[in-house]
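S.K.: What follows is each chain in one-letter form.
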Amino acid sequence: MLDVALLHQYPGFTLDVAFTAPGTGVTALFGPSGCGKSTILAAVAGLLRPAAGRVALHDDVMLDTTSGIAVAPERRRCGVVFQDSRLFPHLSVEANLRYGLRRAPHGVSGPTFAEVVGLLGLEALLGRRPLGLSGGERQRVALGRALLARPRLLLMDEPLAALDAARRVEVLPFLARLRDAAGLPVLYVTHALEEVDALADHLVLLEAGQVLAAGTVEALAARADLPALARRRDAGALLGCTVLAQEATRGLTRLGFPGGELLVPRRPGLAVGEQLRVRLRARDVAVALEAPRGISMHNIMACRIEEIVPAGEAEVLLRLQVGPTPLLSRVTRDSVGRLGLAPGLEVFALVKSIAFDHAAVA
Amino acid sequence: MLSPEEWQAVRLSLGVAGRSVLVSLLPAVLVAWALARGRFPGRMLLDAIVHLPLVVPPVVVGWGLLMVFGIQGPIGGLLHAWFGIRLVFTTEGAALATAVMSFPLIVRSVRLGLEGLDPGLEAAARTLGAGPADRFLSVTLPLMSPGILAGAVTAFAAGLGEFGAVITFASNIPGETQTLPLAIYSATQSPGGEAVAARLALVSFALALAGLLLAELLGRRLSRWLGRG
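Note that the protein sequences, when read in sequence, are chains A and B. Per full-length UniProt numbering, the very first residue in the first sequence carries number 1; after that it's consecutive. Per full-length UniProt numbering, the very first residue in the second sequence carries number 1; after that it's consecutive.
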């Protein structure tokens, strides 16, 4: 359990946040640039001294301004992965990796050098200098270096933001492997929703120095009342799915989620039984009063309208319930009037299989 | 090519300049560190004092050294009474005078290197468990080494030619304190010494040029080694 409460002021900006992150898994601090998420990370790491605040990991207090406690960053054992990697240019990749390991307290267990090198695929890089590495390689080394310092908490400050799309795709699987292997709580700062989908269990939604909402990623993704999330083009419910079948002849993959099934364009890499997350974008979900026939759409799900929330001038967000699973649908106000949509009404949610492009399936 | 006396002046100059760099290097690094990173009252005053030798006439610096390190001076008196050390009119005294004169050159160069250093790297070292001294030795010092090296070589090259402070504090004693510029000066003062002066001036010129080229070359090597290409 990581407890964070911070108050800090810059000219024209006040950060005033309090949240709790679970003791395992990835908690994403998500929000637009300048919302204060990196400031939070720096304060947790100890690199920034807030005007007032408290930071405690499993009841071990690292900062408490009321009682004058401020543990030095070098003794907090928070591994930090910076956006700009910050590898030591005068040291080889191996010496960079061993930098934190050599300084880790004795008797603290953790992954070994060989394990981390294997996990992050760094064998071929060990003898090289940071300057000669690509951006993606540099971030992998930075991940390994932070992990080898035997931290109690990993802090990641937009670790993929400085990379182009191709490099992001290259590094993302390593982040997921690290998350699974490290068994550490991770605070992950990002403004990219696809990174949240791929990595995060919990979400702290930030705007202008305030916490708008916090909870599991699925729960927040299904809320229609959070403009910071719901008004995005890529807003939509996040479904935890299991691969039910590969229908090779039809070129489809069948996914199951609590209360329903989805047919998506075939992904040969997925094994039956494998778990994955699918973001079902609200703009890709249509509703019909009757189950349509003679239509190309594969995914037709009976559901109930729970809530109708205005979203801009001409549009609304419908919160739909398919069994225990919430969905979001974005339709025009005109459609609401035309179809007489209202909370409690039983409707059908329609989704084209093709809507599940690669980015939507993490 | 050179007479034994002339060789002696060259060797003496090299020894004095070398010793002066050895003496002033560590304090200069510390002062540069304090000036670049420290936030303490009197920082501007310290900055000004460090740079004084660049603007005060060297003769005045030599005179100041005489006042402080002379046999009658507060420090010179103690050194003489306790350890039997005499600095005035000795090679060591010439080295001290040269060190004071070239001190600001090293400080400036080291400080420039420090200010170009990304503080984010030191922050990263902190999060990896490195305390202040550890951080300085493992990250800061290696990364500022090009600045230190450039400062040391420049100070050495400049120290070969220090005149005013040396002649005032250490006098002009052949074999003891008569460095290259002092030997050149003496040659120009004695009848028929033009050829000697010309030869020594040429040597002086060559040494200074070699020093500067060496500084540039080593600096580039070191920068490449540090991955700053």
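Because the hints were derived from the structure by calculation, they are not lab data. There could be a bad hint or two in this list.
[What the hints assert, rightly or not] Label-pair restraints from in silico Cβ distances: (1) B:A208 to A:A95: 33 to 39 angstroms; (2) B:L137 to A:R177: 31 to 37 angstroms; (3) B:E216 to A:G183: 48 to 54 angstroms; (4) B:L217 to A:L131: 16 to 22 angstroms; (5) A:T14 to B:A208: 55 to 61 angstroms; (6) A:D64 to B:L112: 50 to 56 angstroms; (7) B:L212 to A:A95: 30 to 36 angstroms; (8) B:G18 to A:D64: 53 to 59 angstroms; (9) B:L112 to A:A95: 48 to 54 angstroms; (10) A:D234 to B:L112: 26 to 32 angstroms; (11) A:S109 to B:G131: 37 to 43 angstroms.
Ideal Cβ placement from N, Cα and C applies to all residues, glycine included.
S.K.: Could you see if the CB distance from L137 (chain B) to R177 (chain A) stays within 31 to 37 angstroms?
M.R.: holds, 34 angstroms
S.K.: Using the Cβ atoms, figure out if E216 (chain B) sits within 48 to 54 angstroms of G183 (chain A).
M.R.: holds, 52 angstroms
S.K.: Using the Cβ atoms, figure out if S109 (chain A) sits within 37 to 43 angstroms of G131 (chain B).
M.R.: violated, 23 angstroms
S.K.: May I ask you to test the hint 53 to 59 angstroms on the CB atoms belonging to G18 (chain B) and D64 (chain A)?
M.R.: Distance hint for G18 (chain B), D64 (chain A) holds at roughly 54 angstroms.
S.K.: Verify the CB-CB distance for L212 (chain B) and A95 (chain A) against the hinted window 30 to 36 angstroms.
M.R.: For L212 (chain B) and A95 (chain A) the Cβ distance comes to about 33 angstroms; the hint holds.
S.K.: For the range 48 to 54 angstroms, tell me whether the beta carbons of L112 (chain B) and A95 (chain A) fit it or not.
M.R.: Because 26 angstroms falls outside the window, the suggested range is violated.
S.K.: Tell me if the beta carbons of L217 (chain B) and L131 (chain A) are separated by a distance inside 16 to 22 angstroms.
M.R.: Taking Cβ atoms as reference, L217 (chain B) and L131 (chain A) lie about 20 angstroms apart, which means the hint holds.
S.K.: Per the hint of 33 to 39 angstroms, is the separation of the Cβ atoms of A208 (chain B) and A95 (chain A) within bounds?
M.R.: holds, 38 angstroms
S.K.: Quick check on a hinted range of 26 to 32 angstroms for D234 (chain A) and L112 (chain B), using CB atoms only.
M.R.: Because 48 angstroms falls outside the window, the suggested range is violated.
S.K.: Please test the hint of 50 to 56 angstroms on the beta carbon pair from D64 (chain A) and L112 (chain B).
M.R.: violated, 40 angstroms
S.K.: Confirm or reject the claim that T14 (chain A) and A208 (chain B) have a C-beta distance inside 55 to 61 angstroms.
M.R.: Since T14 (chain A) and A208 (chain B) have Cβ atoms about 58 angstroms apart, the given range 55 to 61 angstroms holds.
In terms of the numbered hints stated before, the structure departs from hints 6, 9, 10 and 11, listed from lowest to highest.
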